[in-house]
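The residues making up each chain are set out below.
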Amino acid sequence: MSPFAQPANGGADRPAGHAGHAGDAGDAGDAGDAGDAGDAGNIEYRVAHLHDRLAAEELAELGVRAEVRAGSVVVTGTVPSAECRETLLRTVHEELAGLAVHTDVQVAETASPDHAEDLP
Amino acid sequence: MIRVAAVGDIHMGSDSQGLLRPAFDTLDECADLLLLAGDLTRHGTPEEARVVGREVLGLPVPVVAVLGNHDHHDEQPEKVTGILQEAGVTVLEGEGTVVECAGTRVGVAGTKGFCGGFVGRSAGEFGEPLMKEFVRYTRRSADALHGALEDLGRDGCDLRIALTHFSPVADTLAGEPLEIYPFLGSYLLAEAIDTAGADLSVHGHAHMGTEHGMTAGGVRVRNVAQPVIRRAFNVYRLHAA
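Protein chains in written order, with numbering that gives the first Met the number 0: chain A, 0 to 119; chain B, 0 to 240.
No lab work stands behind these hints, which were simulated from the structure alone. Nothing here was measured: the structure is a model prediction, and the numbers come from that model. A few of these clues could be false.
[Claimed, not checked] Some chain B residues near chain A, calculated using beta-carbon distances under 8 angstroms:
hint, residue
1, M11
2, D14
3, H69
4, H71
5, Y235
[As the list claims (entries may be wrong)] Some chain B residues well away from chain A (every beta-carbon gap over 10 angstroms; in silico):
hint, residue
6, R2
7, D8
8, L56
9, A143
[To be verified] Here are the in silico distance ranges between beta carbons for each label pair:
hint, chain 1, residue 1, chain 2, residue 2, range
10, A, D103, B, G152, 25 to 31 angstroms
11, A, E116, B, G17, 25 to 31 angstroms
12, A, P119, B, E178, 33 to 39 angstroms
13, A, A47, B, T25, 40 to 46 angstroms
14, B, L56, A, E108, 21 to 27 angstroms
15, A, E85, B, G102, 34 to 40 angstroms
16, B, D142, A, V73, 29 to 35 angstroms
17, A, P119, B, R229, 31 to 37 angstroms
18, A, A47, B, E28, 42 to 48 angstroms
19, B, R120, A, V106, 31 to 37 angstroms
20, B, A239, A, H101, 45 to 51 angstroms
21, A, E57, B, D24, 42 to 48 angstroms
Each residue gets a CB set at the ideal place from its N, CA and C atoms; glycine is no exception.
Please build the complete structure, drawing on both the sequences and the hints.
In structure tokens, the structure reads:
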């Protein structure tokens, strides 16, 4: 997947106060509490920092999309394993603590195909 | 007729061992070879490459792979390649290989490829040295793919397949944000495929893209990123002329 959102420094130099580790992790798929006006003002940068973390940390995840929609953040995509999904959701809720977050993250399917495509 | 199984972007890590093996063990029932379209690991570490190697070791069909950008992240692509080769995988970068399948000579030309975008919306070889090198890197990859496909044609292959990680066409990126298309592939790869000739083009990289596409020259393109095909692999039946 493309590293279009990946920073050179993994976001390590971001300003204090942006780390967002203190929040309630919440439940996957639930909408959290809406942020205050200050959070809303920074929402785009917080999403950018989330992308940075996902790429730089253990997941090396570049294929998950996080988009701001009507003041909340929608996180979608497919990850390689159930463990990756847990880590992803934990990171999302840490990084976006205080914001309304909706998630729809699937685990890649590993079944054999039930048919082949004929290419005459 | 030969049956080509293909998947990319399996992104294996320490928690992945055994996830794909049950499906891979059925390959002898449904395929003649397996293509791996890059991003086999998450960070490109030797440890992750060993997970991939164990997952494909001793499979009942030949395995041919290219690396992806994730497989380069730890800056040890040669080591990743070596570990996969020890597991019996033919790893291609700017070269081809011939697989004999029930009397049919199948040529696979492979390169990771790179990005730059598509006609009319692409990066140009102009300006700063870094920008020029960006485009030249893609051009070298496309030129190598072209040469490998031509060599396979001269070698009398009945079928030729272009295997890349990055996409040669925009068709199979549908579903990705338009703004990142230039980071997902390059028309230079499609031009190489069309001018040298191929029966199928297989790539990965675009997790939110679409499976089906075609080059301007009419070569069918399939995006086999695992999140796209939603299977352990897909199978394509190709018919030699």
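Right, here's what the structure says about each hint:
no. : hint                                : in the structure
1   : M11                                 : holds (7 angstroms)
2   : D14                                 : holds (4 angstroms)
3   : H69                                 : holds (6 angstroms)
4   : H71                                 : violated (10 angstroms)
5   : Y235                                : holds (5 angstroms)
6   : R2                                  : violated (6 angstroms)
7   : D8                                  : violated (7 angstroms)
8   : L56                                 : holds (18 angstroms)
9   : A143                                : holds (21 angstroms)
10  : A:D103 - B:G152: 25 to 31 angstroms : violated (45 angstroms)
11  : A:E116 - B:G17: 25 to 31 angstroms  : holds (27 angstroms)
12  : A:P119 - B:E178: 33 to 39 angstroms : holds (37 angstroms)
13  : A:A47 - B:T25: 40 to 46 angstroms   : holds (42 angstroms)
14  : B:L56 - A:E108: 21 to 27 angstroms  : holds (23 angstroms)
15  : A:E85 - B:G102: 34 to 40 angstroms  : violated (49 angstroms)
16  : B:D142 - A:V73: 29 to 35 angstroms  : violated (41 angstroms)
17  : A:P119 - B:R229: 31 to 37 angstroms : violated (24 angstroms)
18  : A:A47 - B:E28: 42 to 48 angstroms   : holds (47 angstroms)
19  : B:R120 - A:V106: 31 to 37 angstroms : holds (33 angstroms)
20  : B:A239 - A:H101: 45 to 51 angstroms : holds (49 angstroms)
21  : A:E57 - B:D24: 42 to 48 angstroms   : violated (29 angstroms)
In the structure shown, a violation is registered for the earlier hints numbered 4, 6, 7, 10, 15, 16, 17, 21, in ascending order.
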